[in-house]
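Enquirer: Numbering (this note's numbering), first residue to last: 67 to 307.
Be careful, since some hints might not be right.
To be verified - Here are the simulated distance ranges between beta carbons:
1) Glu185 with Thr243: 24 to 32 angstroms
2) Ser189 with Asp134: 22 to 30 angstroms
3) Asp171 with Asp236: 44 to 52 angstroms
4) Asp165 with Asp236: 41 to 49 angstroms
5) Ala254 with Glu291: 21 to 29 angstroms
6) Thr295 with Glu126: 29 to 37 angstroms
7) Asp303 with Ala254: 31 to 39 angstroms
8) Asp119 with Glu266: 16 to 24 angstroms
9) Glu126 with Ala161: 19 to 27 angstroms
10) Gly234 with Glu169: 40 to 48 angstroms
Keep in mind the hints are simulated off the structure, nothing from the lab. Here a beta-carbon is modelled for each residue, glycine too, at the ideal position from N, C-alpha and C.
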Amino acid sequence: MSDADGAWISLFSGGKDSAWALYRALEEGLDVRRLVTVHPSADSYMYHVPATDLAGLAAESIGIDLVDVDPDDFAATTATDSSAQGDDELEPLEAALEDLDEELDAGIAGVTAGAVESEYQTSRIQAMCDRLECELFAPLWQEDPRELADAMLEAGFEIVIVQVAAYGLDESWLGRTLDREAIVELEALNDEYGVHILGEGGEFETLVVDGPHMDRRIELEYDREWDGTRGRILVTDAWLE
Numbered sequence: 067m068s069d070a071d072g073a074w075i076s077l078f079s080g081g082k083d084s085a086w087a088l089y090r091a092l093e094e095g096l097d098v099r100r101l102v103t104v105h106p107s108a109d110s111y112m113y114h115v116p117a118t119d120l121a122g123l124a125a126e127s128i129g130i131d132l133v134d135v136d137p138d139d140f141a142a143t144t145a146t147d148s149s150a151q152g153d154d155e156l157e158p159l160e161a162a163l164e165d166l167d168e169e170l171d172a173g174i175a176g177v178t179a180g181a182v183e184s185e186y187q188t189s190r191i192q193a194m195c196d197r198l199e200c201e202l203f204a205p206l207w208q209e210d211p212r213e214l215a216d217a218m219l220e221a222g223f224e225i226v227i228v229q230v231a232a233y234g235l236d237e238s239w240l241g242r243t244l245d246r247e248a249i250v251e252l253e254a255l256n257d258e259y260g261v262h263i264l265g266e267g268g269e270f271e272t273l274v275v276d277g278p279h280m281d282r283r284i285e286l287e288y289d290r291e292w293d294g295t296r297g298r299i300l301v302t303d304a305w306l307e
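Use the sequences and the hints to build the structure in full.
Expert: In structure tokens:
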């Protein structure tokens, strides 16, 4: 369906993991020609949910065209378990990639993904790539979380926490920059409560507002929504500086 001269597609939410996979792909010289952002309408087993509407600003700053896969593209699922729901959620993404494979010269050579430890996500994305006859580039897969966090900061990523949902993470984390001090605190919370340093289990979600792959920083204005145990930022305005 595709060959080694084809285009690379980056699965991109705007969060740190997908942004790091994209950055690493660009550093490796892969020809990334499209970002694809899935906008799930509710809680999702497969995708990063919060603040995906800001991916367009990130794509503009990065300088790569964005393809949106919207909630309306998701058929109403009757899945009764997480495995079946994950399969259902993958269908509109795979359809969008099939369209890009037809549209782009020489088709799709590969897909980048930001999975760290989730076998649930990675196995489905790998199976999708096998069906599309393209490669999967997953540079975070099974890497040490602290080393990944340090590498992101050393590269110049500016990462903002946009959602928290874990014991030990309170309202003060909403809108906080994931810097070295925050990572030290997350290591302590990992020891005490099991919070993943990169939020891999959904403990927190992020947005990359600046990095070496971006020409302009994303500026945010937002309110906080907190219910006593979990919360998120509600972006009221966002622009490129």
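Enquirer: I want to verify a distance hint. Is the separation of the beta carbons of alanine 254 and glutamate 291 within 21 to 29 angstroms?
Expert: holds, 26 angstroms
Enquirer: Hint says 22 to 30 angstroms; check whether the CB-CB distance for serine 189 and aspartate 134 agrees.
Expert: With Cβ atoms ~25 angstroms apart, the hint holds.
Enquirer: Does the Cβ pair threonine 295, glutamate 126 satisfy 29 to 37 angstroms?
Expert: Check passed, 35 angstroms falls within 29 to 37 angstroms.
Enquirer: Is 19 to 27 angstroms a correct range for the gap between the Cβ atoms of glutamate 126 and alanine 161?
Expert: The hinted range 19 to 27 angstroms holds for glutamate 126 and alanine 161, with Cβ atoms some 25 angstroms apart.
Enquirer: Given a hinted range of 31 to 39 angstroms, is it respected by the beta-carbon distance of aspartate 303 and alanine 254?
Expert: holds, 34 angstroms
Enquirer: Does the Cβ-Cβ separation between aspartate 165 and aspartate 236 fall within 41 to 49 angstroms?
Expert: holds, 43 angstroms
Enquirer: CB of aspartate 171 to CB of aspartate 236, is that within 44 to 52 angstroms?
Expert: Distance hint for aspartate 171, aspartate 236 holds at roughly 50 angstroms.
Enquirer: Can you tell me whether the CB distance of glutamate 185 to threonine 243 sits inside 24 to 32 angstroms?
Expert: holds, 30 angstroms
Enquirer: Given a hint of 40 to 48 angstroms, does the C-beta separation of glycine 234 and glutamate 169 actually sit inside it?
Expert: holds, 46 angstroms
Enquirer: Is it true that the C-beta distance of aspartate 119 to glutamate 266 lies inside 16 to 24 angstroms, as the hint says?
Expert: Since the Cβ atoms of aspartate 119 and glutamate 266 sit about 23 angstroms apart, the hinted range of 16 to 24 angstroms holds.
This entry satisfies every hint, going by the numbered hints stated previously.
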